[in-house]
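Chains as they are written, first to last, in the numbering used here: chain A, 1 to 110; chain B, 1 to 95; chain C, 1 to 480; chain D, 1 to 97; chain E, 1 to 328.
Incorrect hints may have been included.
Over 10 angstroms on every C-beta distance to chain E, these chain A residues come out as not near it, computed from the model [what the hints assert, rightly or not]: (1) ASP5; (2) SER60; (3) ALA76; (4) ALA77; (5) ARG98; (6) GLU101; (7) ARG105.
Just the calculated beta-carbon pair ranges, DEER-fashion [claimed, not checked]: (8) C:LEU36 - E:LEU217: 38 to 48 angstroms; (9) C:LEU259 - E:MET1: 44 to 54 angstroms; (10) C:LEU468 - E:VAL263: 20 to 30 angstroms; (11) C:GLU52 - E:ALA294: 50 to 60 angstroms; (12) B:MET61 - E:ASN2: 15 to 25 angstroms; (13) C:PHE204 - E:LEU8: 29 to 39 angstroms.
Pairs of lysine to any residue, SDA-like flavour, derived with a Cα cap of 25 angstroms [claimed, not checked]: (14) D:LYS92 - C:ASP360; (15) A:LYS41 - B:PHE15; (16) A:LYS41 - B:VAL21; (17) A:LYS66 - E:ARG46; (18) E:LYS203 - A:ASP100; (19) A:LYS41 - B:GLY30; (20) D:LYS92 - E:LEU26; (21) A:LYS66 - E:GLY221; (22) A:LYS41 - B:GLY60; (23) A:LYS66 - E:ARG210.
Simulated from the structure, these hints should not be mistaken for laboratory data.
Quick reminder that beta carbons are idealized off the backbone N, C-alpha and C, glycines included.
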Amino acid sequence: MSGLDWLSAIFLLVGAAFFLAGTVGLLRFPDVYTRLHALAKADNLGLGCIVIGLLFQADSLAAALKLVLVWLLALAASATVSFLVAHRAWRRGIAPWRADEPGIRRHDES
Amino acid sequence: MTMDLSALNQLLAVFLLANLVLALWRVTRGPTPADRLLAALLFGTTGVALLLLLAHAGGGMALVDVALVFALLAAITGTAFSLRAWRREEDDERP
Amino acid sequence: MLDPLPWLILLPLFWATLAFVRGPGRGGRLAVAGLLLQLALAGGLARQVAGEGERVYAVGGWGAPLGIDLAVDGLSAVMLLLAQAVALPLAVYARAYYAAHEEGARYFWPLAGALLAAMNALFLAADVFNLYVTLELLGLAAVGLVAASGGAGPVTAALRYLMATLLGSGAYLLGVALLYGAYGSVSLSILAPLLGADAPLAVFLAAALMLLGLMLKTALFPFHFWLPPAHGGAPAPVSALLSALVVKASFYLILRLWLDLFAPLATVAAAQLLGLLGAAAILWGSLMALAQTRLKMLVAYSTVAQIGYLFLLFPLATDTGSVASASAIQGGVMQALSHGLAKAAMFAAAGTVILSLGRDDIARLGGVSSRLPLTLFTFALAGVTLMGLPPSGGFTAKWLLMSSAMHSGQWGWVVVMILGGLLAAAYVFKVLRQAFLPVEAGTQFKPVPRLLEWPAFLLALASLLLGLRAGEVLGLLGAG
Amino acid sequence: MSAGLLYALAGAALFAFGVAGLILRSHPLRKILAFNVMGSGAFLVLVGLGQRDGTADPVPQAMVLTGIVVSIAATALALALARRQREHGNDKEERDA
Amino acid sequence: MNLAFDLLLIAALLWSAGRALTTPDLFRAVVLFIVFGLLMALAWARLDAPDIALAEAAIGAGLTGALLLDALGHLRGPVRRKSGLIAPSTVMSSEGAGPPAFPTYFLNGLAIVLAVALGLALAGALLLLPEPAISLPREVAAAMDASGVAHPVTAVLLNFRGYDTLLEVAVLWLALLGVLAVAGGRAPGRAPVTPRSARASLKVPRLLARVLAPLALLVAGYLLWAGAHQPGGAFQAGAVLAAAAVLLNLAGLLPGGATPRWVLRAGLGFGLLVFLAVAAAVMGQGVLLQYPPAWAGALIMLIETGLTLSIGLTLAGLFLALSGASRQ
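Bound-form chain A, shown alone (with noise of 0.2 angstroms):
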């Protein structure tokens, strides 16, 4: 393996490895304003990396172009997504999670 199939691997693997700190945040947080932080953050974050890496692979100009396309791409929804979830479940009453008073709770009652 070359040197920059090296490099490509390397990417690719930390991309992975973003990928897999997302999930287990997902499974690990309380509610989802958390979540959230897990999903938008660290899977974008897995995405570039991969796209990065595969940027080595690409074997052209136009390919190349197009996988960053497809991450800005992906960046856009997952943010305008992001918001729209938080967004709705504030307006629908649900707490942000507390130490001292876990489990599920609504602000607009307390």
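Guided by the hints, dock chains B, C, D and E onto chain A, whose structure is given.
Relative to the frame of chain A, chains B, C, D and E by itself:
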């Protein structure tokens, strides 16, 4: 380790699929309806990464177009999720 | 001059799309003109088949395994003639009917055009996957027509009809998938020689799935639950189109698959089962028709019963010698033709009565005989065909079926047919008796345009003349 | 056990799920989901069987493309009918109340 | 490695489909179904069927998901009339919710046993299936140079089995007809009034819609052009166009409505009319849909362009007719 890149892509594809399935199981089991909305996010990132890896693991560059459409449409399903499906009050009686 | 075979498919699609583009409620004249041309084309095609026999038409010029074939033989030519011959008078009837019902006519003509295009495409298709697409086109058009009036009853009936037809299409599609997996092609002309009695299990499953799916679409007992509310609740021209033509299309497909593709797999046991279901349909449908209080529901259950006669041909045609099976098939097809014409006339007449009286309960039909004589006469004429009295087409059909039964010694079906005829007489006379009562106090009869009564009468008359000219039609059937 | 045959078997299972769901569930939306699952199952069998030898077969793929468009058409019509039926239900309720 | 991927993916498919049909909560069922649709796109990618993966992603994720979610808002709550397909009440009495004649669990049990038996019989049949006698891929490859396009699936779709596609476009147009007839039956309801608080949350999707809509147009054009020599084509391009329209409607930039004016009706019927016109015109020198070899590529492109426009409008119309006609 004489692993060439396409084998690595394939290995990571399996790893990501495992990630995706685990996350989907958690998300669809999630207590509040908001958790279920996260499924749309998942496909926007993990699904796209999976397709890109498959494309470079011998699946053909056409799968990059599929990933492009995935990313483009992840927003639509997510927006439809949050704007339209979740307007009725009774969703919250069962947080 | 126009080659009738492709134009019978393209023409209805053309005028349906143009009717849609011109806007809701438009397209009536376009449809009648189109149907006139189509009837001429169907006649030309029938003459071609009678002259030169079966004709295969390779769409796109590619030929069987790669491209899609269209094929026309005696059976499909006869069914094409039936479809255009029923659709033309019904179009004239619908134009007059919808002159009074502005609301229901919003998308009637595009939907009816698509329905007819699907019918013609189905009768001409010789490719099992292409048949799936035509079945789906037919199903969605029929559901659209039932639901177009938008009332609570029709919408619920349309939803149940859609679910039933989608289940049928799904089963049919899986059958096609198994056939493609087993032989690598979906063209009937390629599959038929490959299919032998030693076919793998998957092919038997495919046959069962395809036939079950089509039985669901033909509303054969016990899968008839969706038909009465759909045909009973829809407006008269729609019920006529559906009862006369749509259920016949999937029956034609069962007959085509049973005779051509799955002939080596057709066991006597399966044929007897179809016969038993047919007999149950006749008895159950007739009894339920007798018990109905609303006119169009009675006519709808009569459809369920008459469909039963069609399925009697299977036990009579399987392994019963060439003479008995030929006469059984001719009887079955003649029953399909005569029932198509008679049921269209009966639903049209019922529609006229309901339009004029403003209500459809059978108990209050008093005075129809004096105020709407032609319509009642049409209803009676259609009843003659359903009962199978000479000289109607219905009599010829039942006579052919009975002679086939007697020839092959299966007397049970003869008894069922006679019982069915008596029950049909019962529910037809039930309506006629009410109609001859004096006018009920305080009922006004709205005047009815002539263009509403004459097409129905024409259809009823045709079902009668069919009996007299049966020789010619059966000759065409044998040609292909 | 080629990939094609594996997915064909999965398709058979999905078809059975779909048929059971379509018959058993009474809510219109669930019937629509069941119908789509059934259709996807049939498509998997169609393409899977066509590719048991590993080579991509364009003919069943074109058929499945046709099938997907047909099932979205049927799904949309079913949804429109279900919503209209519910609106009639609501009107009846308002009239009864 | 491939086997591990396939087995995991199939397990996920069966799990999501099974849960979607069995979970009591309707919203979760729809979410699981959308997950199932997207997993199916991955399955098609694994089965070397990128065209279907594209269509499944664009139609499964974009449209079916949006249609179901939009309908979900209106279809929650218990079912008043038992409209079960073979539920006993419908078999015995034709007037809907009559008392079930014999116990429901007997029929449900029977249906489950039949479904399981069907599944097992199918599995057995598939395992015992011999090799097919005919290999169509060889026939397609042999006829590719006369088809006018370089991509086999597009050649089959538009040329060898073009007649299927013609009828299928009619099916799609017919479904819209049915939806318009049903949904537009009465005056379209007021556009869904979003409360002031929710309008604040519309700013972000509006921004996204304004960015993504032109990009979707570009992607649709790319897919249409690419269809000639690589996976893509009219259906996928039309679906992407429709998805863009759905996004614009969700963001409140494109009004719904079930009574199209004649310009929109002309656009909806345009693709079918072009296809019919070409099919009829070529009959002058041959059979139905027999493109002259020299013109095959150009004619296919013409048809695909017309189809992309009409399919995009029709698929968008399916969503807009329903969302526009909803009474808030």
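Hint check results:
The Cβ of ASP5 of chain A lies farther than 10 angstroms from every Cβ of chain E, with a closest approach of about 18 angstroms, so its non-interface assignment holds. Interface exclusion of SER60 of chain A from chain E stands, the closest Cβ pair being 14 angstroms apart, more than 10 angstroms. Separation of ALA76 of chain A from chain E is inadequate, the least Cβ-Cβ distance of about 6 angstroms not exceeding the 10 angstroms criterion. The claim that ALA77 of chain A lies off the interface is violated: its Cβ sits roughly 8 angstroms from the closest Cβ of chain E, which falls inside the 10 angstroms cut-off.
Interface exclusion of ARG98 of chain A from chain E stands, the closest Cβ pair being 24 angstroms apart, more than 10 angstroms. At roughly 26 angstroms, the least C-beta separation between GLU101 of chain A and chain E is larger than 10 angstroms, which holds for a residue marked as non-interface. At roughly 21 angstroms from the closest C-beta of chain E, the C-beta of ARG105 of chain A stays outside 10 angstroms, upholding its exclusion from the interface. Checked against the hint of 38 to 48 angstroms, the pair LEU36 of chain C and LEU217 of chain E passes, with Cβ atoms roughly 44 angstroms apart.
Between LEU259 of chain C and MET1 of chain E, the C-beta spacing of about 50 angstroms keeps the proposed range 44 to 54 angstroms intact. Take LEU468 of chain C and VAL263 of chain E: their Cβ atoms lie about 53 angstroms apart, and the range 20 to 30 angstroms is violated. In this structure, GLU52 of chain C and ALA294 of chain E break the distance hint of 50 to 60 angstroms, their C-beta atoms being roughly 33 angstroms apart. A C-beta distance of roughly 19 angstroms is found between MET61 of chain B and ASN2 of chain E, which places it inside the suggested range of 15 to 25 angstroms.
In this structure, PHE204 of chain C and LEU8 of chain E meet the distance hint of 29 to 39 angstroms, their C-beta atoms being roughly 33 angstroms apart. Distance check on the hinted pair: LYS92 of chain D and ASP360 of chain C sit about 22 angstroms apart at the alpha-carbon level, within 25 angstroms; holds. Only pairs whose Cα atoms come within 25 angstroms are accepted, and LYS41 of chain A paired with PHE15 of chain B is accepted, the gap being roughly 19 angstroms. Only pairs whose Cα atoms come within 25 angstroms are accepted, and LYS41 of chain A paired with VAL21 of chain B is accepted, the gap being roughly 19 angstroms.
A distance of roughly 21 angstroms separates the Cα atoms of LYS66 of chain A and ARG46 of chain E; the hinted pair therefore holds under the 25 angstroms criterion. Of the supplied pair hints, the one linking LYS203 of chain E and ASP100 of chain A is violated, its CA atoms being roughly 35 angstroms apart against a limit of 25 angstroms. About 19 angstroms separates the Cα atoms of LYS41 of chain A and GLY30 of chain B, which keeps this hinted pair within 25 angstroms; it holds. Between LYS92 of chain D and LEU26 of chain E the CA atoms are separated by roughly 23 angstroms; this keeps the pair inside 25 angstroms, and the hint holds.
Distance hint between LYS66 of chain A and GLY221 of chain E is fulfilled; the C-alpha atoms sit about 15 angstroms from each other, no more than 25 angstroms. With a C-alpha separation of about 29 angstroms, the suggested pairing of LYS41 of chain A with GLY60 of chain B is violated against the 25 angstroms cut-off. A threshold of 25 angstroms between alpha carbons decides the hint, and for LYS66 of chain A with ARG210 of chain E the separation of about 21 angstroms falls inside it, so the pair holds.
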